[in-house]
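Engineer: My request is simple: use the sequences and hints to build the entire structure.
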Amino acid sequence: MDLIDPRNVSEIFFDGIHEVKITRGIARIVLFSRQDGTGTVEARLRCPLSELPDIIQALVIALTKAAGSGRKSP
Numbered sequence: 001m002d003l004i005d006p007r008n009v010s011e012i013f014f015d016g017i018h019e020v021k022i023t024r025g026i027a028r029i030v031l032f033s034r035q036d037g038t039g040t041v042e043a044r045l046r047c048p049l050s051e052l053p054d055i056i057q058a059l060v061i062a063l064t065k066a067a068g069s070g071r072k073s074p
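Those letters in the sequence shown? Residues 1 to 74, by the working numbering.
Read the hints as simulated data drawn from the structure, not as lab findings. Every residue gets a Cβ at the ideal spot worked out from N, C-alpha and C, and that includes glycine. Be a bit skeptical, because a hint or two may be false.
Label-pair restraints from in silico Cβ distances [unchecked claim]:
1) D36 to P6: 15 to 21 Å
2) T23 to G68: 33 to 39 Å
3) I56 to S10: 22 to 28 Å
In the SDA-like style, the derived pairs of lysine to any residue whose C-alpha atoms are separated by at most 20 Å in a straight line are [said to hold, decoys possible]:
4) K65 to I55
5) K21 to P48
6) K21 to Q57
7) K21 to C47
8) K21 to G39
9) K65 to I4
10) K65 to P53
11) K21 to S50
12) K21 to T40
13) K21 to Q35
Structural biologist: Structure representation (structure tokens):
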């Protein structure tokens, strides 16, 4: 599998978002994974609230492109 970033950082696999809190200008997002029917926290992300729209936009663009590449042409 190709890395999208050449830095030596571990990838995080998760099943969903457990919680989102915004306090003091910081967005905090808790990611979880399901293992044997039990939810386990995998990571806690935090970013400045001012950066959140750019992060969401980048995710939507990447996911839209990925979904579009999986479609078959008529």
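Engineer: Take the hints in turn and mark each one as holding or not.
Structural biologist: Going down the list of hints, with the structure as the test:
{"no.": "1", "hint": "D36 to P6: 15 to 21 Å", "in the structure": "violated (34 Å)"}
{"no.": "2", "hint": "T23 to G68: 33 to 39 Å", "in the structure": "holds (36 Å)"}
{"no.": "3", "hint": "I56 to S10: 22 to 28 Å", "in the structure": "holds (23 Å)"}
{"no.": "4", "hint": "K65 to I55", "in the structure": "holds (16 Å)"}
{"no.": "5", "hint": "K21 to P48", "in the structure": "holds (12 Å)"}
{"no.": "6", "hint": "K21 to Q57", "in the structure": "holds (19 Å)"}
{"no.": "7", "hint": "K21 to C47", "in the structure": "holds (11 Å)"}
{"no.": "8", "hint": "K21 to G39", "in the structure": "holds (19 Å)"}
{"no.": "9", "hint": "K65 to I4", "in the structure": "holds (15 Å)"}
{"no.": "10", "hint": "K65 to P53", "in the structure": "holds (18 Å)"}
{"no.": "11", "hint": "K21 to S50", "in the structure": "holds (14 Å)"}
{"no.": "12", "hint": "K21 to T40", "in the structure": "holds (18 Å)"}
{"no.": "13", "hint": "K21 to Q35", "in the structure": "violated (24 Å)"}
Against the hints set out earlier in the document, violations occur for numbers 1, 13.
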